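Peer 1: Both chains come to you apart, so use the hints to assemble them.
From first to last, the protein sequence lines stand for chains A and B. Using our numbering, the final residue of the first sequence is 191, and nothing's skipped along the way. Using our numbering, the final residue of the second sequence is 155, and nothing's skipped along the way.
A hint or two may mislead.
Some chain B residues close to chain A (C-beta under 10 angstroms, calculated; not the full set) [as the list claims (entries may be wrong)]:
(1) D30
(2) L33
(3) E35
(4) A36
(5) L37
(6) V38
(7) A46
(8) W47
(9) R54
(10) D132
(11) E142
(12) Q146
Treat the hints as calculated values from the structure; they're not laboratory data. The structure displayed is predicted, hence computed values, not measured ones. Built from N, CA and C at the ideal position, the CB exists for glycine as well.
Given next are the chains, with one letter for each unit.
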Amino acid sequence: MATGTALEAMTMGTAAEIAAQEFTRVVERHRPQIFRFLLASTRDVDLAETLTQECFLKAHRNWGSFRGESTAMTWLMRIAINLQKDHWRNRRMQFWRQTRVNSVDLDEASEWLPSGERSAEQKLLAKEQVKRVWESVKGLSERQRTVFLLRFVEEQELSEIALATGLSEGTVKAHLSRALGRVRAEMGGKR
Amino acid sequence: MSLMDKWTRKRNGMNEREALDKMAAGGPMDKELSEALVNFKLSVHAWSDAELSRPRTVAQGVRRRSWRLAVGLAMGCTLVAGGVSGGVYERHQKQEAARIAAEAKVADQQRLVAAEKARQDEEDLLAKVDSDVSRETPSAMEPLAQLMAEDEVQK
Numbered sequence: 001m002a003t004g005t006a007l008e009a010m011t012m013g014t015a016a017e018i019a020a021q022e023f024t025r026v027v028e029r030h031r032p033q034i035f036r037f038l039l040a041s042t043r044d045v046d047l048a049e050t051l052t053q054e055c056f057l058k059a060h061r062n063w064g065s066f067r068g069e070s071t072a073m074t075w076l077m078r079i080a081i082n083l084q085k086d087h088w089r090n091r092r093m094q095f096w097r098q099t100r101v102n103s104v105d106l107d108e109a110s111e112w113l114p115s116g117e118r119s120a121e122q123k124l125l126a127k128e129q130v131k132r133v134w135e136s137v138k139g140l141s142e143r144q145r146t147v148f149l150l151r152f153v154e155e156q157e158l159s160e161i162a163l164a165t166g167l168s169e170g171t172v173k174a175h176l177s178r179a180l181g182r183v184r185a186e187m188g189g190k191r
Numbered sequence: 001m002s003l004m005d006k007w008t009r010k011r012n013g014m015n016e017r018e019a020l021d022k023m024a025a026g027g028p029m030d031k032e033l034s035e036a037l038v039n040f041k042l043s044v045h046a047w048s049d050a051e052l053s054r055p056r057t058v059a060q061g062v063r064r065r066s067w068r069l070a071v072g073l074a075m076g077c078t079l080v081a082g083g084v085s086g087g088v089y090e091r092h093q094k095q096e097a098a099r100i101a102a103e104a105k106v107a108d109q110q111r112l113v114a115a116e117k118a119r120q121d122e123e124d125l126l127a128k129v130d131s132d133v134s135r136e137t138p139s140a141m142e143p144l145a146q147l148m149a150e151d152e153v154q155k
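Extracted from the complex, chain B is given alone in its bound form (with noise of 0.2 angstroms):
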């Protein structure tokens, strides 16, 4: 681009923006725009001025929002219900499962005791049978005994 054309570019730009101030403080505007914004200003006017006159559809609109409103409450009720439904079958199915691991635990404590229980009674039986048999061991030597004791006499 040579100098001339920017100067040129550079002074229409300028003479736009003046015109465009000049305007704008309420000077004279080209024909087009002007009839543009008469017609805009007419078209507003006559929107404004139809919209006023027209009677307000408030019940519809009412009506629309207690729709709205109902559809909106019904739908909060069923997340609130399903939402308790759900933490109270959360918190049985928790209950349950504490339930039967109390249980189980019993039953493993039960089971140990018995257990327990078993293996002292066979002691005690072994024990028993130990001590039955050294009490009877005496008598059953009885008689080497007695030769033995005569044989010290003779002596």
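Next comes chain A alone, as it looks inside the complex (with noise of 0.2 angstroms):
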């Protein structure tokens, strides 16, 4: 009986230990990704970093409920996605709070290019082409700019997106339809 407790016990440590072992892997391997989408959707490096421990403080909180009915990165998108749901709602109620805004203006955003072999000549052409793209995605919806930044540069599935959006394919379709051709339409107008 004393034998079997002890089993017992040295069995769910084990298993707690190796839970924590699985969620540091999970943590390392899927950190920047979650911080690229906050980043990219908020402009703001400092409440990306927030969101994202927050994030992962909420996943750690709740990682024994996970049952992988998805993958863990579209289950901490989906986490992600409501932390910064609820900033914006929160902030909206609370104006009276600071009112300063940390995101970077859309030309320091655009300053971001990799260092690839371009010429100058590119260089100045892809900062332009990611200015108008900037501009675009900053008159979109939210729902629209999630779903845009989820495809377009985390380069997820539609059902991916779905699951992590809680949208069906069809809404998360018509909405990057929709983004597309704010997009299409920047890249016309000002050409």
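Peer 2: Here's what the structure looks like:
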């Protein structure tokens, strides 16, 4: 009897240890993606960092209830999207609080380009294109922006986006189509 | 606008919509849009990677926040102290005014009492004078009274 209890305790301890190790691996693997999505959504480095921390904290608390019905990435992305939504909602409600916005402006955000073998002209052209896309992203609704970023920055499949956002695939497609229309109009309008 | 123009516009709109739907579903895109989206993705990735590899400036943030906190606390304390001293001053002023009013009231009462006392004294004095005079009168009239009494006896 006593041996059984000790064995059970040992097994539970080992299980907890394995779960902790597994979670650490998940954090290491998915943190860059979650941060990148939140950074693109908010254009605020500090806020993206804070929301990323909160996302993993929440995930850690609920790690036991994660049943693997979707991938860990989709599950984490869902948490991140909800945190972001909550943040904007709270901000709207608490308008008397700090009104300063740390979001970088579009020019600054467009400065970032991979250091590849490009000519100065190509770099300038790419920068201009990136700025236009940022401008159109800024004008999108919250949902359209989320769907757009998940599709074209995180390169997720429509089914994954549907799972992460809790929308149907058809709705995701509709949002994406509208977002693309806007980007296309921006590209065409300022040509 | 002619019917033909309307129809052409509608058809173009539908074509545009269909094209966007196809793109949204992963279909082919025009070159410029596709290039812009790729550049956008690369830009966001580069920015995010740079921010992730950048050493965090937590200390500065904390210092700035603690400065803000200290300034906030100082302002809060000043406000509280101002409020409290204002309240104390106000209370003191009220108490002083009440004390002056009470003193004035007492003085008024004393004045009234003194006036009443003076009036009473005057009345007493007059009464005394009256009674003294009335008491004096019989002796002053006595010789005449005696004469009158003698006349009556002679009759």
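Peer 1: Hint by hint, note whether the structure agrees.
Peer 2: Taking the hints in turn, this is what the structure says about them:
Taking 10 angstroms as the C-beta cut-off, the interface hint given for D30 of chain B holds, the closest approach to chain A being about 8 angstroms. For the restraint placing L33 of chain B at the interface with chain A, the shortest Cβ-Cβ distance is roughly 6 angstroms, inside the 10 angstroms limit, so the hint holds. About 7 angstroms separates the beta-carbon of E35 of chain B from the nearest beta-carbon of chain A, less than 10 angstroms, and the hint is met. A cut of 10 angstroms between beta carbons decides the hint on A36 of chain B: the least distance to chain A is about 4 angstroms, and the hint holds.
Here the hint on L37 of chain B is kept, as its CB sits about 5 angstroms from the closest CB of chain A, short of 10 angstroms. Annotation: interface hint on V38 of chain B holds; nearest CB of chain A at approximately 9 angstroms, less than 10 angstroms. Interface hint at A46 of chain B: satisfied, since its Cβ lies 5 angstroms from the closest Cβ of chain A, which is below the 10 angstroms cut-off. Nearest Cβ of chain A to the Cβ of W47 of chain B: about 4 angstroms, under the 10 angstroms cut. The hint holds.
The closest approach between the C-beta of R54 of chain B and any C-beta of chain A is roughly 9 angstroms, which is under the 10 angstroms cut-off, so the hint is satisfied. Violation of the interface hint for D132 of chain B is found here, the shortest Cβ-Cβ separation to chain A being roughly 90 angstroms, above the 10 angstroms cut-off. This hint is violated: E142 of chain B has a C-beta 106 angstroms from the nearest C-beta of chain A, more than the 10 angstroms allowed. Taking 10 angstroms as the C-beta cut-off, the interface hint given for Q146 of chain B is violated, the closest approach to chain A being about 112 angstroms.
In this structure, the earlier hints numbered 10, 11 and 12 are contradicted, and the remaining ones agree with it.
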